[in-house]
Amino acid sequence: MDLKTEQKINDDLLRPLRHPSGWFYLLVAVLGTSLLMGVGSWLYQMSNGLVVAGLRWPVFWAVYITNFVFWIGISHAGKLISAILLLVNATWRRPVTRCAEVITVFALMIGALFPIIHLGRPWLFFWLIPYPSERQIWPNLRSPLAWDFFAISTYLTGSTLFLLLPIIPDCALMRDQMTGWRRRIYGVLALGWQGTTKQWHRLEAAMQVMAIAIVPVAVSVHTIVSFDFSMSPVPMWHSTVFGPYFVAGAIFSGIAALIVAMAVLRKALHLEEYLHPVHFQNLGKLLLLMSLLWGYFTFAERLTTWYGNAPAEMAVFWETQTGSYAPLFWTMVFCNFVIPFPILAIKRLRTITGCVIASSTIVAGMWLERFLIVVPSLARKNLPYTWSYYRPQPVEIMITIATFAAMVLLYTLFSKAVPIISIWELKVGGHAQPLLTAEEEEEQRALWRVRP
Amino acid sequence: MTHRWGMAVDLDRCTGCEACVTACRTENNIRIAGPEQSAKGRSIAWIRVERYYEGEFPDVRVKFRPVMCQHCDAAPCEPVCPTYASHHTEEGLNAQVYNRCIGTRYCANACPYNVRFFNFGNPVWDRPLELSLNPDVSVREVGVVEKCTFCVQRITAVKDQAKAENREVKDGEIKPACVQSCPTSALVFGDLNDPENEVSRLSRSSRGTKLLGDLGTLPKVTYLQKVL
Numbered sequence: 001m002d003l004k005t006e007q008k009i010n011d012d013l014l015r016p017l018r019h020p021s022g023w024f025y026l027l028v029a030v031l032g033t034s035l036l037m038g039v040g041s042w043l044y045q046m047s048n049g050l051v052v053a054g055l056r057w058p059v060f061w062a063v064y065i066t067n068f069v070f071w072i073g074i075s076h077a078g079k080l081i082s083a084i085l086l087l088v089n090a091t092w093r094r095p096v097t098r099c100a101e102v103i104t105v106f107a108l109m110i111g112a113l114f115p116i117i118h119l120g121r122p123w124l125f126f127w128l129i130p131y132p133s134e135r136q137i138w139p140n141l142r143s144p145l146a147w148d149f150f151a152i153s154t155y156l157t158g159s160t161l162f163l164l165l166p167i168i169p170d171c172a173l174m175r176d177q178m179t180g181w182r183r184r185i186y187g188v189l190a191l192g193w194q195g196t197t198k199q200w201h202r203l204e205a206a207m208q209v210m211a212i213a214i215v216p217v218a219v220s221v222h223t224i225v226s227f228d229f230s231m232s233p234v235p236m237w238h239s240t241v242f243g244p245y246f247v248a249g250a251i252f253s254g255i256a257a258l259i260v261a262m263a264v265l266r267k268a269l270h271l272e273e274y275l276h277p278v279h280f281q282n283l284g285k286l287l288l289l290m291s292l293l294w295g296y297f298t299f300a301e302r303l304t305t306w307y308g309n310a311p312a313e314m315a316v317f318w319e320t321q322t323g324s325y326a327p328l329f330w331t332m333v334f335c336n337f338v339i340p341f342p343i344l345a346i347k348r349l350r351t352i353t354g355c356v357i358a359s360s361t362i363v364a365g366m367w368l369e370r371f372l373i374v375v376p377s378l379a380r381k382n383l384p385y386t387w388s389y390y391r392p393q394p395v396e397i398m399i400t401i402a403t404f405a406a407m408v409l410l411y412t413l414f415s416k417a418v419p420i421i422s423i424w425e426l427k428v429g430g431h432a433q434p435l436l437t438a439e440e441e442e443e444q445r446a447l448w449r450v451r452p
Numbered sequence: 453m454t455h456r457w458g459m460a461v462d463l464d465r466c467t468g469c470e471a472c473v474t475a476c477r478t479e480n481n482i483r484i485a486g487p488e489q490s491a492k493g494r495s496i497a498w499i500r501v502e503r504y505y506e507g508e509f510p511d512v513r514v515k516f517r518p519v520m521c522q523h524c525d526a527a528p529c530e531p532v533c534p535t536y537a538s539h540h541t542e543e544g545l546n547a548q549v550y551n552r553c554i555g556t557r558y559c560a561n562a563c564p565y566n567v568r569f570f571n572f573g574n575p576v577w578d579r580p581l582e583l584s585l586n587p588d589v590s591v592r593e594v595g596v597v598e599k600c601t602f603c604v605q606r607i608t609a610v611k612d613q614a615k616a617e618n619r620e621v622k623d624g625e626i627k628p629a630c631v632q633s634c635p636t637s638a639l640v641f642g643d644l645n646d647p648e649n650e651v652s653r654l655s656r657s658s659r660g661t662k663l664l665g666d667l668g669t670l671p672k673v674t675y676l677q678k679v680l
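Chain order of the listed sequences is Z and X. Once you know that position 7 of the first sequence is 7 in the numbering used here, the rest is easy, because the numbers rise by one and skip nothing. Counting from 1 along the second sequence, just add 452 to a position and that's the residue number in the numbering used here.
Mixed in with the good hints, there may be bad ones.
[Claimed, not checked] Restraint ranges, calculated between C-beta atoms of paired labels, are given here: (1) X:Lys611 x Z:Arg302: 51 to 57 Å; (2) X:Tyr505 x Z:Leu413: 44 to 50 Å; (3) X:His540 x Z:Val428: 56 to 62 Å; (4) Z:Pro244 x X:Gln489: 40 to 46 Å; (5) Z:Ala205 x X:Glu593: 49 to 55 Å; (6) X:Pro487 x Z:Val215: 50 to 56 Å; (7) X:Gln489 x Z:Pro342: 44 to 50 Å.
If you're looking for bench data, these hints aren't it; they were derived computationally from the structure. Predicted model, so just to flag it, every value in this text is computed and none were measured. We put the beta carbon where it would ideally sit given N, CA and C, even for glycine.
Please put together the full structure from these sequences, using the hints given.
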């Protein structure tokens with residue numbers, strides 16, 4: 001690769017860091033306000049108790065736990081994709097990995113907040129942590145909630161390292177390219193990177209180790225999240241399929257979130273020359289696979305429950321299939337399978353726009369899936385006398401909105417601090433070739449009526 | 453000899469009068485939710501009388517079933533608590549340590565009987581009702597889970613009395629509030645470790661069943677009912 005192209009990569013990818021536009025400040029203001037409203041809602045909930053939420057006897061878990069499972073699921077986008085693609089040496093991954101890994105770290109941070117937000121006494125959350133207490137009391141290690149703590153903190157540590165390692169050479173580049181206070185900050189973050197052969201070897205070895213280590217951790221994290229449910233003798237929770245079902249769903253929603261994020265970045269930061277239709281094509285194929293896998297798991301779970309015909313389980317089953325949760329259930333099936341499947345399966349439709357449409361419905365559908373796992377079972381437990389229902393209240397809705405705002409805000413701020421596409425990896429690998437000819441691309445655009 | 457507290461509930465004697473519910477509320481300082489919060493599912497009842505209807509109108513039979521904590525020997529609520537707030541005592545009681553509870557409500561979800569309750573807000577008593585609070589029972593604050601204790605304060609008091617008098621606890625000497633107030637003596641409480649006790653005798657009855665016994669929770673409450 002000649003020097004001129006390298007210069008162009010530097011210019012293109014460092015441009016968003018140098019000149020934030022007015023839109024950036026507006027976006028940060030809007031998102032920051034939403035976030036503050038969410039924080040206010042939480043403080044309001046803390047001072048009044050969970051009486052302000054829609055929770056009731058016996059539906060003790062609802063939207064907060066839904067958000068917890070949802071965000072931990074979204075976090076599976078990054079790590080798993082970038083680790084697996086690194087291990088199989090798929091060169092097209094290079095512009096994608098960092099966008100994906102950032103999602104992981106931020107989604108985990110947000111998801112990990114929800115078990116604390118939902119506590120009756122959140123100020124005592126540290127009792128979940130095995131710290132040397134003066135009363136020598138440890139957390140109950142038989143509790144899946146204690147497993148959650150270990151799983152999520154391991155995953156957060158690992159994925160943060162996996163994100164930060166490949167940022168080091170880029171920080172060194174920014175240190176050399178920029179001036180003033182930026183130069184000083186990136187100088188510290190570059191950790192003395194000089195680009196010697198020894199340093200490169202060490203970085204590559206460390207990334208390989210992290211990529212191998214992060215895959216089993218990622219799988220175990222969402223399995224343990226599923227154990228929060230499947231360890232209880234609650235109808236339709238107490239299921240052996242939950243571990244793989246949750247992991248598949250997590251990767252499914254994660255890839256969908258990644259595609260949406262990439263499409264937004266491509267437009268907002270003018271990265272059309274780096275994020276090609278081929279990336280969306282390939283991720284779209286992965287998404288298609290996960291959609292099929294999700295449909296298979298849902299079918300298997302429902303069929304075995306129906307065939308088994310256990311009275312307690314059937315109460316939950318019919319409540320979701322034809323009862324008061326049926327509208328949500330069938331919306332979920334449409335969002336996760338009926339709409340995305342044809343879009344992703346037919347090559348002509350699997351364009352950037354097509355992938356974004358499919359991914360958006362999948363993100364919504366997977367949130368619904370988490371909700372439908374948590375709530376109907378609790379509202380239809382074994383004794384019919386205790387059957388109940390659940391309606392979310394403004395505080396819960398506001399906190400939920402605020403976490404989405406927090407995700408976008410963190411992502412926006414990160415993309416202004418660090419190039420969202422790894423510059424050095426791009427230079428190593430060069431550009432992925434566009435998959436389609438110019439005419440084919442034109443034809444696809446016409447199909448979705450998108451102006452070039 | 454260690455005790456193993458248990459209860460027998462004779463459904464053929466229960467008239468559904470709910471005296472047990474009222475007595476329990478008074479004895480155990482159970483908060484008053486008020487009509488509005490009750491409608492939102494925030495009321496607490498350590499013991500409740502479930503009503504089930506059989507047949508079509510006008511040929512209807514109503515069945516009552518008082519349901520309180522079953523003090524399971526294999527309680528699903530115990531292992532899931534991350535802070536040991538829900539734990540098993542040496543005498544087989546399923547105890548809840550309010551001070552240790554951080555309000556994950558996991559125990560309440562895991563309990564198949566839905567006999568665990570959550571304090572959604574801070575408790576309030578309209579004056580002068582706060583004067584009726586029982587000094588032997590702690591008032592639970594916001595954010596913790598609570599449930600039937602088999603009136604552990606009465607168990608302790610009788611045990612202390614017996615120890616002071618250097619004798620064993622007599623059968624029927626301990627009466628939880630619900631047992632004491634039952635006009636038809638449908639509820640019987642006692643030590644299951646003594647096979648001669650009335651509660652042990654009733655628990656062995658051919659009319660006896662365990663509520664949701666097939667879940668393997670090993671409840672220490674036995675329901676007596678003639679199956680027609």
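A quick look at each hint next to the structure:
no.	hint	verdict
1	X:Lys611 x Z:Arg302: 51 to 57 Å	52 Å, holds
2	X:Tyr505 x Z:Leu413: 44 to 50 Å	60 Å, violated
3	X:His540 x Z:Val428: 56 to 62 Å	60 Å, holds
4	Z:Pro244 x X:Gln489: 40 to 46 Å	41 Å, holds
5	Z:Ala205 x X:Glu593: 49 to 55 Å	54 Å, holds
6	X:Pro487 x Z:Val215: 50 to 56 Å	55 Å, holds
7	X:Gln489 x Z:Pro342: 44 to 50 Å	48 Å, holds
When held up to the earlier numbered hints, the structure conflicts with hint 2 and nothing else.
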